[in-house]
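A.B. asks: Okay, here's what each chain looks like letter by letter:
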Amino acid sequence: MKRRAVAVAVTGMNARPDNPGPGLAVARCLKESRHLDARVLGLSYDALDPGLYLPQWSDESHLLPYPSAGEETFMARLAGLHEASGFDVLLPCLDAELPTLSRLVPWLDKLGVATLLPTAEQIRLRAKDRLNELAAEAKIDCPETKSLFREDFLANAAAEGFDYPLVVKGLFYDAKIAHTQDEATVAFRRIAGEWGLPVLVQKFAAGEEINLTGIGDGEGRLLGPVMMKKRALTDKGKAWAGISIHDEALLAAARRLVAATRWRGPLEVEVMRSADGRLSLIEINPRFPAWVYLSVGVGQNLPEMLVRLALGEKVAEPSPAPAGILFIRYAQEVIVPLSDFEAIVTTGGLHV
Amino acid sequence: MNPLDSSLVPNGTPGMPREAQFPSPEIIGRLAVSNSGFVFDPVSGASYSVSVSGLAVLRAIQSGATDMNAIVQSLSAEFEATPAALERDVMEFAGRLREAFR
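As they're listed, the protein sequences go chains A and C. Take the first sequence: its letter number 168 is residue 166 in the working numbering, and every next letter is one higher. So the working numbering is basically just the index in the second sequence, starting at one, shifted up by 3.
By construction, these hints were calculated from the structure, which means they are not laboratory data. This one's a predicted model, so the numbers in the text were calculated from it and none came from an experiment. Built from N, CA and C at the ideal position, the CB exists for glycine as well. Be aware that a few hints might be false.
Not close to chain C: a few residues of chain A, all C-beta gaps over 12 Å, as computed [said to hold, decoys possible]:
| hint | residue |
| --- | --- |
| 1 | G218 |
| 2 | E246 |
| 3 | L248 |
Computed beta-carbon distance windows for the label pairs [as the list claims (entries may be wrong)]:
| hint | chain 1 | residue 1 | chain 2 | residue 2 | range |
| --- | --- | --- | --- | --- | --- |
| 4 | A | W105 | C | S52 | 53 to 63 Å |
| 5 | A | A239 | C | M94 | 26 to 36 Å |
| 6 | A | P318 | C | S27 | 16 to 26 Å |
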């Protein structure tokens, strides 16, 4: 089969073992595509992100300015990279990038960069502080969530119906189960310091976490769903090992969510399944998860499907993903010559 | 369910067969059971190991045996034990299954 040549810029090439970004897994999926001959531009924010130095998955690596540098700086960097390296598709992998990049879709179109991203409204709908409304619309239980700008609430949480344990979350990242007011206060301060305000508190939903990833076609259909149960966790609760599953209730819930939002682009749905089988929606992430390489393992390469859809190809719905395929992560070191590190630090690019 | 110690030692006198309560046929039916005794639940993602006797019970109920007599009869072709001992093991295994698939 002749593969279509395409250049894809992928963000989120960080890969800390306790909380890896999805970019490296997405890049790996693209490099293993059966339909695409993908040249990957790995984009990152930190010169020590290992994905920048793995040429088997990132043909070119570049630094991006932090969002705090402002939207104009960010746009100028993307335009410069596009002019120098010519990429056809942008596939962002970090939650915090999505609101900006979603706004920039018309500008990216003009630049000649294809995307398949949720709209700004869709991103707002799945925001952690608005998840209850969306869950109600899709008829899925969802633990009550409250936005906090001050930690006072934690002292009277029980009186407000938030018994301990409860979950303290950042608006974009991070979550900590707090069993006492002291633990909640420590988590509030740490998360507020790292990710800003508001900090969210969510009622604790007991059970087992199960996750689904797939692609919304923008017209209400969920494509290529892959479901996973974590089998081993890092200290941050991220999957260190997982296994593909098939849960009809989770699939139906995800389909309702995608239909309710007419979701466009990748997503991850996180739910808790209680002992009696009830599902509670915990989060919707507007991007592929770090475990997306499992989609290759079960025979449906989701990043490949997304790029093909972004390029306007018709993609056949793949067969249902089989249950019982495991992934197990491991950590290893990449040896980096000083000259490569120097190139990233001083010029912001490598393998150019 | 791991490990399942269903001893098949003769014990006691046969009485009236008791009813064993297993998880629903839907749950039992979806389990992937290998000859090694490895059991995988494709819905929960959980996996288990069962002993030779536990495997025989699972096979019997997956193939449609629903009452104790039918299960014990199926097991007696494979294990040298009195019906009473087999029945006791089936009851114990059914309890473990219920616990695993609450």
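A.B. asks: All the hints need checking, so say for each whether the structure fits it.
C.D. replies: Results for each hint:
Distance check for G218 (chain A) against chain C: the nearest CB is about 26 Å away, which clears 12 Å, and the non-interface claim stands. At roughly 8 Å, the least C-beta separation between E246 (chain A) and chain C is not larger than 12 Å, which violates its mark as non-interface. Against the 12 Å criterion, L248 (chain A) falls within the reach of chain C, whose nearest CB is about 9 Å from its own CB. Distance hint check for W105 (chain A) and S52 (chain C): the Cβ-Cβ separation is about 57 Å, which falls inside the suggested range of 53 to 63 Å.
As the Cβ distance of A239 (chain A) to M94 (chain C) is approximately 35 Å, the hint placing it in 26 to 36 Å holds. Look at P318 (chain A) against S27 (chain C): about 22 Å separates their beta carbons, and that is inside 16 to 26 Å.
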